[in-house]
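*Asks:* Residues per chain, in single letters:
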Amino acid sequence: MSFLLEPLKYGFFVRALIAALAASAACATVGSFVILRGMTFLGDALAHAVLPGVAVGYVLHRGNRSAVFYWALGTALATSFAIGTIGKKGRLKEDAAIGVVFAGMFALGIALISSVRGYAVDLVHFLFGNLLAVSPADLWLILGLSLGVIALALALWKELALVTFDPVFARTLRLPTEAMRYLLLLLVAITVVTALRVVGVALSLAMLVTPPATGYLLAKRLPGMVALANVFGILSGFVGLYLSYYLGIAPGAAVVLLATGFFLLSLPFRR
Amino acid sequence: MRRSCLCDSHPPELPAVEVRDLRVDGDDAPILSGVSFSLAQGEALAVVGPNGAGKTTLIMALAGLIKPSSGEIRVFGEPPGKHLCLGYLPQRSEAEWNFPATVRDVVLMGRVGQSGLFRRLGRADCQKAEEALSRVGLSHLADRRIRELSGGERQRMLIARALAQEAKILLLDEPLAGLDAPAQEEILNLLRDLSHQGLSVLVSIHELDLVVNYFDRALLLRNRPIALGKPQEVLTPENLRAAYGKALHLIHTSEGTLALGEACCPGERRELSPRAP
Numbered sequence: 001m002s003f004l005l006e007p008l009k010y011g012f013f014v015r016a017l018i019a020a021l022a023a024s025a026a027c028a029t030v031g032s033f034v035i036l037r038g039m040t041f042l043g044d045a046l047a048h049a050v051l052p053g054v055a056v057g058y059v060l061h062r063g064n065r066s067a068v069f070y071w072a073l074g075t076a077l078a079t080s081f082a083i084g085t086i087g088k089k090g091r092l093k094e095d096a097a098i099g100v101v102f103a104g105m106f107a108l109g110i111a112l113i114s115s116v117r118g119y120a121v122d123l124v125h126f127l128f129g130n131l132l133a134v135s136p137a138d139l140w141l142i143l144g145l146s147l148g149v150i151a152l153a154l155a156l157w158k159e160l161a162l163v164t165f166d167p168v169f170a171r172t173l174r175l176p177t178e179a180m181r182y183l184l185l186l187l188v189a190i191t192v193v194t195a196l197r198v199v200g201v202a203l204s205l206a207m208l209v210t211p212p213a214t215g216y217l218l219a220k221r222l223p224g225m226v227a228l229a230n231v232f233g234i235l236s237g238f239v240g241l242y243l244s245y246y247l248g249i250a251p252g253a254a255v256v257l258l259a260t261g262f263f264l265l266s267l268p269f270r271r
Numbered sequence: 001m002r003r004s005c006l007c008d009s010h011p012p013e014l015p016a017v018e019v020r021d022l023r024v025d026g027d028d029a030p031i032l033s034g035v036s037f038s039l040a041q042g043e044a045l046a047v048v049g050p051n052g053a054g055k056t057t058l059i060m061a062l063a064g065l066i067k068p069s070s071g072e073i074r075v076f077g078e079p080p081g082k083h084l085c086l087g088y089l090p091q092r093s094e095a096e097w098n099f100p101a102t103v104r105d106v107v108l109m110g111r112v113g114q115s116g117l118f119r120r121l122g123r124a125d126c127q128k129a130e131e132a133l134s135r136v137g138l139s140h141l142a143d144r145r146i147r148e149l150s151g152g153e154r155q156r157m158l159i160a161r162a163l164a165q166e167a168k169i170l171l172l173d174e175p176l177a178g179l180d181a182p183a184q185e186e187i188l189n190l191l192r193d194l195s196h197q198g199l200s201v202l203v204s205i206h207e208l209d210l211v212v213n214y215f216d217r218a219l220l221l222r223n224r225p226i227a228l229g230k231p232q233e234v235l236t237p238e239n240l241r242a243a244y245g246k247a248l249h250l251i252h253t254s255e256g257t258l259a260l261g262e263a264c265c266p267g268e269r270r271e272l273s274p275r276a277p
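Listed in order, the protein sequences are those of chains D and A.
Be aware that the first sequence starts at 1, since it is given in the working numbering, and climbs by one per residue.
Be aware that the second sequence starts at 1, since it is given in the working numbering, and climbs by one per residue.
Read the hints as simulated data drawn from the structure, not as lab findings.
These numbers come from a predicted model, not from an experiment.
Mixed in with the good hints, there may be bad ones.
Stated by the list, open to error - Pair ranges (Cβ atoms, derived):
no., chain 1, residue 1, chain 2, residue 2, range
1, D, ALA151, A, GLU78, 33 to 43 Å
2, D, LEU154, A, SER38, 42 to 52 Å
3, A, GLY26, D, PHE41, 28 to 38 Å
4, D, LEU154, A, CYS126, 11 to 21 Å
5, A, ARG192, D, GLY224, 31 to 41 Å
6, D, PHE41, A, GLU185, 41 to 51 Å
To be verified - Straight-line C-alpha distance at most 27 Å; calculated DSS-like pairs for lysine-lysine:
no., chain 1, residue 1, chain 2, residue 2
7, A, LYS230, A, LYS246
8, D, LYS158, D, LYS220
9, D, LYS158, A, LYS128
10, D, LYS93, A, LYS67
11, D, LYS220, A, LYS128
Heads up, the beta-carbon is just placed ideally off N, CA and C, and yes, glycines get one too.
Produce the entire structure from the sequences given, and follow the hints as far as they go.
*Replies:* Below, the structure written as structure tokens:
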């Protein structure tokens, strides 16, 4: 018992734990729709594309991490809408459009960060997250965004399910399918930014994709899939943080390794 | 957001679908022009013609998914796109067949249009879905995962979804493609039963030999209407030659005239229609 309680003495650990659990739940819920719609690449692209926003925020508000967070969120929203519009209007295939925007934005981010003195250490933070440095203000933001995303996904559950399963049918039912598409992009953008805070650019895709993939293997129906994704996501966040505390490994990596472990363990039980 | 389907209140003599001088332009030439017909309530109409004749375009225009260049479409007297009582089954469903859902889940999705945003589906919706499942004979598969269905079962599930939607008009774009003969007949029997129950059914179909037995009327298309009427009167050698052109080969045998056409894919021939001499 003291094994579980000991780290809770530290405020930074408690904040990290709550942030990880909230982000895990949001990622698991939105990620389920992401993998069913085949939007995995878009999730990865968004995680990388926020880098220039992070860099600008970093330069403008030195040391203020919450401000950086808002810049990241703004960039994610702008990028997701840019990708959504390019995919609709252009003749280019959507994944190619995503690739162009994603790589360009990431390069811009690196260029901006490298122009600032002492960038190397901070770049590592952005790439791999700095979960143990979540401030109380950060925590409220992460909690609010995560719960908001989950609430919206639950409220529009049947519409999201329908649009994901059969977009043409959704159109014949006169559902606002375009608005739903942008809504899902918005949810993904917000979710990715919260995940970014927890595991960083490089690993946020895993939080979005791996627990839902595990749920998909084990569940027969969508509600079960999302529930299992949440269970595995939250469990990975929880156990991952303790592992990180006791073994001294990076928390983001511990969380993702656990999620990957659950996925591999579930492979023999798929239905 | 709540929209109800008021199809039950339509006077029975009002046509389910009325098309007047429909024209849909393609990149260079019109895909469809001069198409006029009406579909009565409870009528089963087959739309036939070679590939590229505009069958899919016609059905999509009726479903309100593409805009006609000119002409008029009326669904129970109103423009298309206003009605929920129109069930559309596309040729290649873009549905995600690996989606984790049971047959019942998919049929219940037919209720989403009747319900409003943010609302949960209720007991009445579930009841409608169960009724729809039993009308297409899929009640025993209600808990089956959709990816485990055969092609015919899949079509019947999508028809059930349209029934749960309370569709009064069914638009099916080549529902028989890729099905074996027993499954094809099962679908056609189901559609005929539904039309006898008062639904209007419009089906694009390549299997000309099946049109006579299962449909009240046929519309033969080749970018414009070639013939419209009773299947026996429409599917004559002259009309077929006008529609299919070089893709059609009429062979006179002792048992009658055999029409062979390249209906599906280049290089693949299939029997179109055996006819009495």
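*Asks:* Looking only at beta-carbon atoms, does the pair PHE41/D, GLU185/A fall within the given range of 41 to 51 Å?
*Replies:* Once the Cβ atoms are compared, 43 Å apart, the range 41 to 51 Å for GLU185/A and PHE41/D holds.
*Asks:* Please work out if LYS93/D and LYS67/A have their alpha carbons no farther apart than 27 Å.
*Replies:* holds, 24 Å
*Asks:* Between LYS230/A and LYS246/A, does the CA-CA distance stay at or below 27 Å?
*Replies:* With Cα atoms ~24 Å apart, LYS230/A and LYS246/A stay inside 27 Å; holds.
*Asks:* Does LYS158/D pair with LYS220/D here, judged by a C-alpha cut-off of 27 Å?
*Replies:* holds, 17 Å
*Asks:* Do GLY26/A and PHE41/D keep their Cβ atoms within the hinted range of 28 to 38 Å?
*Replies:* With Cβ atoms ~33 Å apart, the hint holds.
*Asks:* Keeping to a limit of 27 Å between CA atoms, is the pair of LYS220/D and LYS128/A held or broken?
*Replies:* Holds, at about 23 Å.
*Asks:* Does the Cβ distance between ARG192/A and GLY224/D fall inside 31 to 41 Å?
*Replies:* Given a distance of about 38 Å, which is inside 31 to 41 Å, the answer is holds.
*Asks:* Starting from the hint 11 to 21 Å, judge whether the C-beta atoms of LEU154/D and CYS126/A obey it.
*Replies:* holds, 19 Å
*Asks:* Using the beta carbons of LEU154/D and SER38/A, state whether their distance is inside 42 to 52 Å or not.
*Replies:* holds, 45 Å
*Asks:* Does the alpha-carbon distance linking LYS158/D and LYS128/A stay inside the 27 Å limit?
*Replies:* holds, 17 Å
*Asks:* Holds or violated: the 33 to 43 Å window for the beta-carbon distance between ALA151/D and GLU78/A?
*Replies:* holds, 37 Å
Going through the hint list in order, the structure satisfies each hint without exception.
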